[in-house]
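Colleague: Chain by chain, the residues run as shown.
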Amino acid sequence: MSFHETPTPIDKRFFTTGVKVLIALMIAGLSFGLYRMIFGLGSTTNLTDQYPWGMWIGVDVASGVALAAGGFTTAFLAHIIHREHFHAIVRPALLTAMLGYTFVGIGLMFDLGRWYNIWHPALPMMWQGNSVLFEVGMCVMVYLTVLYIEFLPVVTERFIGQVNLPGMFSFFNEPIDRLLSFLDNILGKVMFVFVIAGVVLSCLHQSSLGTLMLISPYKMHPLYWSLLSPLFFLSSAIAVGYPMVIFESMIASKSFGHKTEMDILTPLAKFIPYLLGIYIVLKIGDMIYRGTYVYLFEGSTQSRMFWLEFGLLTVVPFLMLLSSRVRSSAGWLFSAASMYILGVLLNRCAVFFVAYQSPFAEKAYFPAIGEFALTIGLIATLMLVYRVFVSILPVIPAPEREAVSNSNASTRIEKAI
Amino acid sequence: MGINRRDFIKQLAGIGGIALFAKDANVWAGEQTTTLRDSLGVLVDTTLCVGCRSCEKACNQINQELPRKTPQSFNDNSVFDKRRRMTADSYTVVNRYNNPGNSGNPVYVKFQCMHCADPACVSACIVGALTKESNGAVKYDPWKCIGCRYCMVACPFQVPAYEYNNATTPQVGKCTFCFEKRTSKGKAPACVQACPMEVMTFGKKRELIKIAKKRIEKYPDRYIPHLYGEHELGGTSWLYLSSLSFEKIDFPKFGYISPPSYTEPIQHAIFKHFIPPLTLFAVLGGFMWFLRQRKTESKSVLNEEGQEK
Chain A
1 MSFHETPTPI
11 DKRFFTTGVK
21 VLIALMIAGL
31 SFGLYRMIFG
41 LGSTTNLTDQ
51 YPWGMWIGVD
61 VASGVALAAG
71 GFTTAFLAHI
81 IHREHFHAIV
91 RPALLTAMLG
101 YTFVGIGLMF
111 DLGRWYNIWH
121 PALPMMWQGN
131 SVLFEVGMCV
141 MVYLTVLYIE
151 FLPVVTERFI
161 GQVNLPGMFS
171 FFNEPIDRLL
181 SFLDNILGKV
191 MFVFVIAGVV
201 LSCLHQSSLG
211 TLMLISPYKM
221 HPLYWSLLSP
231 LFFLSSAIAV
241 GYPMVIFESM
251 IASKSFGHKT
261 EMDILTPLAK
271 FIPYLLGIYI
281 VLKIGDMIYR
291 GTYVYLFEGS
301 TQSRMFWLEF
311 GLLTVVPFLM
321 LLSSRVRSSA
331 GWLFSAASMY
341 ILGVLLNRCA
351 VFFVAYQSPF
361 AEKAYFPAIG
371 EFALTIGLIA
381 TLMLVYRVFV
391 SILPVIPAPE
401 REAVSNSNAS
411 TRIEKAI
Chain B
418 MGINRRDFIK
428 QLAGIGGIAL
438 FAKDANVWAG
448 EQTTTLRDSL
458 GVLVDTTLCV
468 GCRSCEKACN
478 QINQELPRKT
488 PQSFNDNSVF
498 DKRRRMTADS
508 YTVVNRYNNP
518 GNSGNPVYVK
528 FQCMHCADPA
538 CVSACIVGAL
548 TKESNGAVKY
558 DPWKCIGCRY
568 CMVACPFQVP
578 AYEYNNATTP
588 QVGKCTFCFE
598 KRTSKGKAPA
608 CVQACPMEVM
618 TFGKKRELIK
628 IAKKRIEKYP
638 DRYIPHLYGE
648 HELGGTSWLY
658 LSSLSFEKID
668 FPKFGYISPP
678 SYTEPIQHAI
688 FKHFIPPLTL
698 FAVLGGFMWF
708 LRQRKTESKS
718 VLNEEGQEK
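Same order as they appear, the protein sequences are chains A and B. Using the numbering used here, the first residue of the first sequence is number 1, and each one after it goes up by one. Using the numbering used here, the first residue of the second sequence is number 418, and each one after it goes up by one.
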């Protein structure tokens, strides 16, 4: 029925050089994480009373959430508007989103002063409906659960009829097998509820992340404080979903020695200019309406950041992706996607700590080595866990045996869409 | 997904039912922030302050959770050489400012939490660890706190400070308005009582505004005609009179709109009786259902093409 074979666990050598580098980064990062847990935030970060939020919030949490948008955007494409053609990318995107949100939670634990109280927002007696952060927290918690449920069929598919516990545990083989079949049966019937809920929850918290900084109007640089900020966050998250899927798919193909799935990625890339266009129009329209273009040439860190993240890393990839030649060339498509991903990452950093200026700041905030190390270490850990998951579970489609001519397939599908 | 239309509609309705129950929890719909009309406050007349730091000493003595300091340490006037802000170890500080009109007579200003009428920190707090008490105090409960520091992001005065070097039980530190020990019992805060120059007046905010306006009227040469905190950010419990412009003594120029007025309407519009999220759910569900027809068609098209190659 499809152009691709069904997802299969990856059966390749695990300890490659790449994996060894990731393990080293993980150990380095987690050592700093451990140091923070023992000696406190003050010893590991450059956070101060003037700059209470830094890189861990801007990258680990805010960018982590934005860059996990591939999960709900592909779910929308494949399940809600039934573009069957894109089914092959749903599982990898879902796995990335699931791990991405899990690591948002883990990253947050290092940033929270009283991390052991992280469950407090779930207690009805502590609900605080006026807090934007409360809404973000609740939505993220519920969405993480939804993502785990959405991922369950991958697990049941792998293990139904294959449960084989060693020795004394073999007694449990049959009950576990029956449980998996039962789950599979139920989930098949109700999954659509979770798929839609996932999209709704994503829209809610992606936008609310943009509402967070609206509470400090006097501390934010005017280039980054707008009542439309929730819409900017939502539209940029939606726009970065597919670039992220393209980015990951290409890296996975490369490292597993598969052929790049250009016949899927090229048609997928065709959506990006529309989605990114919405964000750019909103952003420029808001700038004209509020007259903030006067700050573009003031030469401040904030205005330079704006040129970098919006001018170079948002508008340029948008223009690139307008061209069908960029979309059908693996190299160019990868460059454009990577540029916008970096653009979103820097945009979140800009909003959460570059545009934020305390009235009595003594010096500007710049992340400490420990902050960089933990952030990089967590990303490395995420990639390792991803690698382990795809070797055990059927996530990534096996490579095509009979290669269809690449350009032929992609142009044909571009026409179809 | 083998589901028929009836099941689909039934399940959508089920979700709607859950939301109808949930709407009663007004935590989602949002309560109106009330301006506390009879709340207490303190009027600070900066023109009277001589910089003796008795208020700092009294604050350190009454707030037992602060690191103990010797009474003599508060006689050290070298601290005035640079601008200080409150920290997790000191909830109030006095700063010295040059007086351009009279250089031999500098201006001293005491700072602490302003106890806003509609506090941004209280609105921001994810677990309600910060609360606005009916007497005007903004109170902090460390047992609820998760340490996210969003209150610090939110505060326009940069007041809440953090114990960054406490690895296990860090707290947000800020002026308590002596809530537990004094103001909840109607007594003036420790700093007000300790001041030998009677810089500060404790009382109902309405009365304090009257007193302040009378002073401005009576001594127009002594004060600039502005009572800081009367309207700033929707009003603050601590009010300030000054001889210098407020920007010169480190009071930021603020509008009259409180910060939560920007975020709370957005927040409550999105969750109004859960209608917007449910509408989105229904629209997406509708799309999903009706596009199923197209799915079957397009599938057969792809199959044909697949056979061609």
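Errors might be hidden in some of the hints.
Said to hold, decoys possible - Dumping the calculated DSS-like pairs for lysine-lysine here, alpha-carbon to alpha-carbon at most 27 angstroms:
(1) A:Lys270 / A:Lys283
(2) B:Lys602 / B:Lys556
(3) A:Lys283 / A:Lys12
(4) B:Lys670 / A:Lys363
(5) A:Lys363 / B:Lys499
(6) A:Lys363 / B:Lys665
As the list claims (entries may be wrong) - Here are a few chain B residues that sit away from chain A, every Cβ distance over 12 angstroms (derived from the structure):
(7) Asn515
(8) Gly518
(9) Lys602
(10) Pro613
(11) Lys630
(12) Thr696
Claimed, not checked - Quick list of the computed label-pair ranges, beta carbon to beta carbon:
(13) A:Ala364 / B:Lys665: 17 to 25 angstroms
(14) B:Arg709 / A:Leu322: 43 to 51 angstroms
(15) B:Trp560 / A:Gly331: 38 to 46 angstroms
Quick caveat, the hints were computed from the structure, so don't treat them as lab data. Glycine is no exception: its CB is placed at the ideal position from the N, C-alpha and C atoms.
Colleague: Run every hint past the structure and note whether it holds.
Modeller: Here is how each hint holds up against the structure:
no.: 1; hint: A:Lys270 / A:Lys283; in the structure: holds, 21 angstroms
no.: 2; hint: B:Lys602 / B:Lys556; in the structure: holds, 15 angstroms
no.: 3; hint: A:Lys283 / A:Lys12; in the structure: violated, 45 angstroms
no.: 4; hint: B:Lys670 / A:Lys363; in the structure: holds, 21 angstroms
no.: 5; hint: A:Lys363 / B:Lys499; in the structure: holds, 15 angstroms
no.: 6; hint: A:Lys363 / B:Lys665; in the structure: holds, 20 angstroms
no.: 7; hint: Asn515; in the structure: holds, 18 angstroms
no.: 8; hint: Gly518; in the structure: holds, 25 angstroms
no.: 9; hint: Lys602; in the structure: holds, 27 angstroms
no.: 10; hint: Pro613; in the structure: holds, 28 angstroms
no.: 11; hint: Lys630; in the structure: holds, 26 angstroms
no.: 12; hint: Thr696; in the structure: violated, 10 angstroms
no.: 13; hint: A:Ala364 / B:Lys665: 17 to 25 angstroms; in the structure: holds, 24 angstroms
no.: 14; hint: B:Arg709 / A:Leu322: 43 to 51 angstroms; in the structure: violated, 32 angstroms
no.: 15; hint: B:Trp560 / A:Gly331: 38 to 46 angstroms; in the structure: violated, 56 angstroms
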